[in-house]
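This note's numbering numbers the first residue of the sequence shown as 605 and each following residue consecutively.
I should point out that these hints are in silico values taken from the structure, not numbers from a laboratory.
Glycine is no exception: its CB is placed at the ideal position from the N, C-alpha and C atoms.
Pair by pair, the computed Cβ-Cβ distance ranges are:
1) S815 to G845: 24 to 30 angstroms
2) L853 to G822: 32 to 38 angstroms
3) R647 to P722: 17 to 23 angstroms
4) T688 to R843: 44 to 50 angstroms
5) K691 to T797: 40 to 46 angstroms
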Amino acid sequence: MPELPEVETVVRSLAPHILGRTIQSVVLSSYRVTRGDRQATARSLAGARIERVTRHGKQILIELDRGLLYIHLGMTGNLLWNATPGKYARAAFELDDGVLVYNDIRQFGRVEYYPEMPISLARTGPDALQLDFPTFFARLKKRKGPIKPLLLNQTLLSGIGNIYADESLFGARIHPRTPVRRISRGRAERLYTSILEVLQQAILHRGSSISNHVDARGEPGSFQHSHAVYGRAGKPCPRCGTPISRIVLGQRGTHYCPRCQRA
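Starting from the given sequences, assemble the full structure and let the hints guide the process.
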């Protein structure tokens, strides 16, 4: 699933092409991606002007002069500028100077129109790049359970998925099964710093293209070549040389170094 760095990469590559443009017409072809009356949604979007393109966590928010176009890429979604709609195109937005195509093989993503900012967005946690450490620590200490599944909980903080949870915990030298109650303020600060560093480095490399992540121009990212633990089970830890371990935690594959991240 595209995580914060991949979504940020899409937003940065897309915004210059569509800001200030007007949506001429819309084709929404998937009832799984766009729920409700798709024709009514298309009519609501036609004629709207794009005023801002931003992101909160993994969610793309295209602010219009009348409402909001909400896009979640799900597991396999991507947005391509001036592409020809193909087999997996689930939405196409004809603008006054080009076309924006949303592709999604597995159709776990969402393309929705809201006349106003939806309440559901307020229920997600702060963006992982926006909250300060005191807020992070306070929110963390209200939770129970092992740290890895909590980092994936989008109501705690928004934007971290499996890849960057594993990478951030490695950077902080914290075992993914560590109970939150055992994480001191000092260790939490180390984790907070690691999260910021990992996400910022991933953005610098335009995300991780493990399956089908590409930016709005169809270009892949390269941070997958810099992963320390994720997807590297059995390979040597870049810090100490110990083989990376893989376990299943919270129904998610989890990678860590058994020496650097002792339980």
